[in-house]
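Model the full assembly from the supplied sequences, consistent with the hints where possible.
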Amino acid sequence: MPVFENLSAKLQGVFKNLRNRGKLTEKDVDLALKEVRMALLEADVNFKVVKDFVARVRARAVGEEVLASLTPAQQVIKIVHEELTDLMGGQSSKITFAPKPPTLIMLVGLQGSGKTTTCGKLAALLRRQGRKPLLAAADVYRPAAIRQLQVLGSQLNIEVFTLGDKVDPADIAAGAMERAKSFGYDTVILDTAGRLHIDDEMMVELERIRARVLPHEVLLVVDAMTGQDAVNVATTFNQRMGIDGVVLTKLDGDARGGAALSVRAVTGKPIKFVATGEKLDALEQFHPDRMSSRILGMGDVLTIIERAQEAFDAEQARKMEEKLRKQQFTLEDFLNQLQDVRKMGPLDQLLGMIPGLGKAKALKDLQVSEKELGKVEAIIRSMTPEERRNPSMIDGSRKRRIAAGSGTKVQDVNALLKQFEQTRKMIKQISDASRRRGPLGKMPFMP
Amino acid sequence: MSPSLFSAIRAGLTKTREALIGKIEQVFTGKARIDEEALEELEAVLIQSDLGVKATESIMEALRKRAEEGQPVDSNTATGLIEEEILRILGADSLRPELAKAEQGPTVIMMVGVNGTGKTTSAGKIASMLSKGGHGVMLAAADTFRAAAIEQLEVWGRRVGAPVIKHQEGSDPAAVAFDAFEAARARGVDYLIVDTAGRLHTKSNLMEELKKIKRVLGRAGTGAPHEVLLVVDATTGQNAIAQARVFNEAVELTGIVLTKLDGTARGGIVVAICSEFGIPVKYVGVGEGVDDLRPFDPREFASSLVSH
Chain A
1 MPVFENLSAK LQGVFKNLRN RGKLTEKDVD LALKEVRMAL LEADVNFKVV KDFVARVRAR
61 AVGEEVLASL TPAQQVIKIV HEELTDLMGG QSSKITFAPK PPTLIMLVGL QGSGKTTTCG
121 KLAALLRRQG RKPLLAAADV YRPAAIRQLQ VLGSQLNIEV FTLGDKVDPA DIAAGAMERA
181 KSFGYDTVIL DTAGRLHIDD EMMVELERIR ARVLPHEVLL VVDAMTGQDA VNVATTFNQR
241 MGIDGVVLTK LDGDARGGAA LSVRAVTGKP IKFVATGEKL DALEQFHPDR MSSRILGMGD
301 VLTIIERAQE AFDAEQARKM EEKLRKQQFT LEDFLNQLQD VRKMGPLDQL LGMIPGLGKA
361 KALKDLQVSE KELGKVEAII RSMTPEERRN PSMIDGSRKR RIAAGSGTKV QDVNALLKQF
421 EQTRKMIKQI SDASRRRGPL GKMPFMP
Chain B
1001 MSPSLFSAIR AGLTKTREAL IGKIEQVFTG KARIDEEALE ELEAVLIQSD LGVKATESIM
1061 EALRKRAEEG QPVDSNTATG LIEEEILRIL GADSLRPELA KAEQGPTVIM MVGVNGTGKT
1121 TSAGKIASML SKGGHGVMLA AADTFRAAAI EQLEVWGRRV GAPVIKHQEG SDPAAVAFDA
1181 FEAARARGVD YLIVDTAGRL HTKSNLMEEL KKIKRVLGRA GTGAPHEVLL VVDATTGQNA
1241 IAQARVFNEA VELTGIVLTK LDGTARGGIV VAICSEFGIP VKYVGVGEGV DDLRPFDPRE
1301 FASSLVSH
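Protein chains in written order, with our numbering: chain A, 1 to 447; chain B, 1001 to 1308.
Please keep in mind that the hints were generated in silico from the structure rather than gathered at the bench. Think of the CB as a built atom: it goes at the ideal place given N, C-alpha and C, for glycine as much as any other residue. Don't take each hint at face value.
Under the rule of at most 25 Å between Cα atoms (straight-line distance), these lysine to any residue pairs were calculated in the SDA-like manner [unchecked claim]:
1. A:K27 - B:K1212
2. B:K1212 - A:E372
3. A:K48 - B:L1039
4. A:K166 - B:T1202
5. A:K10 - B:R1245
6. A:K371 - B:F1145
7. A:K279 - B:S1275
8. A:K279 - B:T1144
9. B:K1054 - A:G13
10. A:K409 - A:P391
11. A:K371 - A:E322
12. B:K1212 - A:E278
13. A:K409 - B:N1205
14. A:K10 - B:S1275
15. A:K10 - B:A1044
Computed Cβ-Cβ distance ranges for the label pairs, DEER-style [to be verified]:
16. A:K48 - B:D1074: 18 to 28 Å
17. A:K100 - B:G1289: 37 to 47 Å
18. B:E1208 - A:K100: 45 to 55 Å
19. A:A98 - B:A1186: 36 to 46 Å
20. A:Q419 - B:Q1104: 48 to 58 Å
21. A:E35 - B:R1064: 14 to 24 Å
22. A:K409 - B:A1186: 37 to 47 Å
23. B:K1132 - A:N17: 53 to 63 Å
24. A:Q74 - B:E1068: 37 to 47 Å
25. B:G1080 - A:K48: 25 to 35 Å
26. A:K27 - B:E1040: 10 to 20 Å
Structure follows, in structure tokens:
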């Protein structure tokens, strides 16, 4: 994932230089740290946070143990990784649910940080986790904000509670809680109007809502592209509202993510979720250790596995395994597999999580691959069900029809058929081997 | 610029100025001559104003030079230098905030930017400003992606008294832009403001969509769009430079609208953008009211930023 791309590229450059030296002196470390400091500052990490961070890394890195070790550069990188993780909160933290439902989650933040969209995404995420959420529209100021939440609600098929835009937001919040109680919703997600942290009147309104309905979680929504001001915003919201956590949005851009690194450090409040795309399922639990791995180009295999588990249903995987073993794997299955893989997210995001592939350069060609996948899909969709089951029947005339139908060339169709044949052979080899060693793994293969 | 406009921008920038000056004074308190530690502190102060590494470096260089020459560098000289440098970068004389005007037919203004910077709101405010100036204005709802974006623009249309041309949500934004242009020409309005969907500059397919909107407008009317304004949130950090770069490459920006300058954000990012691409800031948003959009004046901006 190209998250923190710039910061990540800079730091990796610094460490490459470091690795090229066998022995390290204190001076080498200082020089490297100076560049780390600059990289962090350019990434919009708050100045004070950077200062503390560099001081901590230095204190640990110039010790006799590190410098005298056989792989001093590795040691230094390890220290930076640990400190980065620590800076972002160490452990990942979850939503606190009320012992007696409904739980009220209140989203607050500046204008344009993405509160309303995040409400929708959070509702979708919680529902995937088996909860029954109700959305509540308490942004009575921005034109059409309520309508926006209603549209999201209807897309997700989740009820949206509204009293229109002429009603006090505190009454709306209270009304939503009543609704939840009587209709069995266990979670209420309250959207509030965007406001500047220095707008006293609007901040008083938030405090009033809080006093009225006593939310179990107040989440501050922060745009990942925010500059040095992020700490002021977070500090003020925290002082006045007592926030419980942060949702970081728009992480799918190339923001250097300084906000992520600073907000936790200055408020002590954890980042709980990150939004990584425009689709309504693009909200993830935030994992500091994984994020710091991504920043340092170490990849993020754990997230890939989790996404795979979400995208592939276990029963389907078992059926697929059966088919593979019995050599009944058809182009139709191939297409299903392809769609499952794409469900896991855009390819460039996925590959960005693979260790060693996180660099911008490696990701350049990927837009092409995404296109290629689209092509393959179009070709298979242009085949008749019979052709999909029995590709050997596809002759020259059929190939021309398929190519015309999918907007591709006959060569493309040929290439796909050849690739499919090879895949089949490969599967046969694997399944022959695995028959001797036990069942195939739960992870479906990637074409 | 009238005194009232000046004071409005000043008010919007007060927080910025106070923070910056306060910090610079802290740095220099009790120091007749600048030392290396103080320089480093100052560097940090500038970076914290989101001024950008380049601008910061050039200012630091000038200060260091003075210090090396044995000149006393106190807080006055430092602020003076910063103001000079900002003015130089903003190119106070060559950049003009006025909007371009079509030779014939409607003048087309296209609003572009990443999500949540305030494109729709700025479109509404510009419409209000033009309409108060006696011009006929029309709005095009070419943000067909975000839920309820069309309704949001319609509310603005009613406030300002400007017709809004729209299609269904999810329809082709270029088609909306084209229809809007035809309608604007037929009805003889002076300005057509095209609101587009927020998009992250890293999504190349969405940037292609934006290029298409521009192409279609260009085919519809000579020289259209006459203005392509990038809406930048003042709270944005260095990422705004990347935004400006990519949007500029895609649709050739003619200006910037800097929004949300009434918070504690420094707005220093504008200096960095000007320094890199020479794109002028045309308007600044300094509040939530319909009239809280002001023409940008580099000179006022620079002096508001650093003067006492």
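Here's how the hints hold up against the structure:
As the CA atoms of A:K27 and B:K1212 are separated by approximately 53 Å, the hinted pair breaks the 25 Å bound. Restraint check for B:K1212 and A:E372: the C-alpha separation of about 23 Å stays at or below 25 Å, so the hint holds. The straight-line distance between the Cα atoms of A:K48 and B:L1039 is roughly 16 Å, inside the 25 Å bound, and the hint therefore holds. Under the criterion of a C-alpha separation no larger than 25 Å, the hint pairing A:K166 with B:T1202 is inconsistent with the structure, at around 39 Å.
Straight-line distance between C-alpha atoms of A:K10 and B:R1245 comes to about 19 Å, which keeps the hinted pair within the 25 Å bound. Annotation: proposed proximity of A:K371 to B:F1145 holds, straight-line Cα distance about 22 Å (limit 25 Å). Of the supplied pair hints, the one linking A:K279 and B:S1275 is violated, its CA atoms being roughly 35 Å apart against a limit of 25 Å. At most 25 Å may separate the alpha-carbon atoms for a hinted pair to count; A:K279 and B:T1144 meet this at roughly 15 Å.
As the CA atoms of B:K1054 and A:G13 are separated by approximately 20 Å, the hinted pair is consistent with the 25 Å bound. As the CA atoms of A:K409 and A:P391 are separated by approximately 17 Å, the hinted pair is consistent with the 25 Å bound. Between the alpha carbons of A:K371 and A:E322 the distance comes to roughly 30 Å, so the proposed pair goes past 25 Å and is violated. For the suggested pair B:K1212 and A:E278, the alpha carbons sit about 21 Å apart, so the restraint of at most 25 Å is met.
Annotation: proposed proximity of A:K409 to B:N1205 holds, straight-line Cα distance about 23 Å (limit 25 Å). For a cut-off of 25 Å, the pair hint linking A:K10 to B:S1275 stands: about 22 Å separates their Cα positions. For the suggested pair A:K10 and B:A1044, the alpha carbons sit about 19 Å apart, so the restraint of at most 25 Å is met. About 25 Å separates the C-beta atoms of A:K48 and B:D1074, a value consistent with the hinted range of 18 to 28 Å.
At about 43 Å, the beta-carbon gap between A:K100 and B:G1289 stays in the expected band of 37 to 47 Å. B:E1208 and A:K100 have their C-beta atoms about 51 Å apart, which keeps the hinted 45 to 55 Å range intact. Taken as a hint, the range 36 to 46 Å is violated for the pair A:A98 and B:A1186, whose Cβ atoms sit roughly 58 Å apart. About 56 Å separates the C-beta atoms of A:Q419 and B:Q1104, a value consistent with the hinted range of 48 to 58 Å.
With their beta carbons about 20 Å apart, A:E35 and B:R1064 fall inside the hinted range of 14 to 24 Å. At roughly 44 Å, the beta-carbon separation of A:K409 and B:A1186 lies within the given 37 to 47 Å, and the hint holds. At about 58 Å, the beta-carbon gap between B:K1132 and A:N17 stays in the expected band of 53 to 63 Å. The supplied range of 37 to 47 Å is met by A:Q74 and B:E1068, whose beta-carbon atoms lie about 40 Å from each other.
Our hint of 25 to 35 Å for B:G1080 and A:K48 holds, since their Cβ atoms are close to 27 Å apart. The hinted window of 10 to 20 Å between A:K27 and B:E1040 holds, with their beta carbons roughly 18 Å apart.
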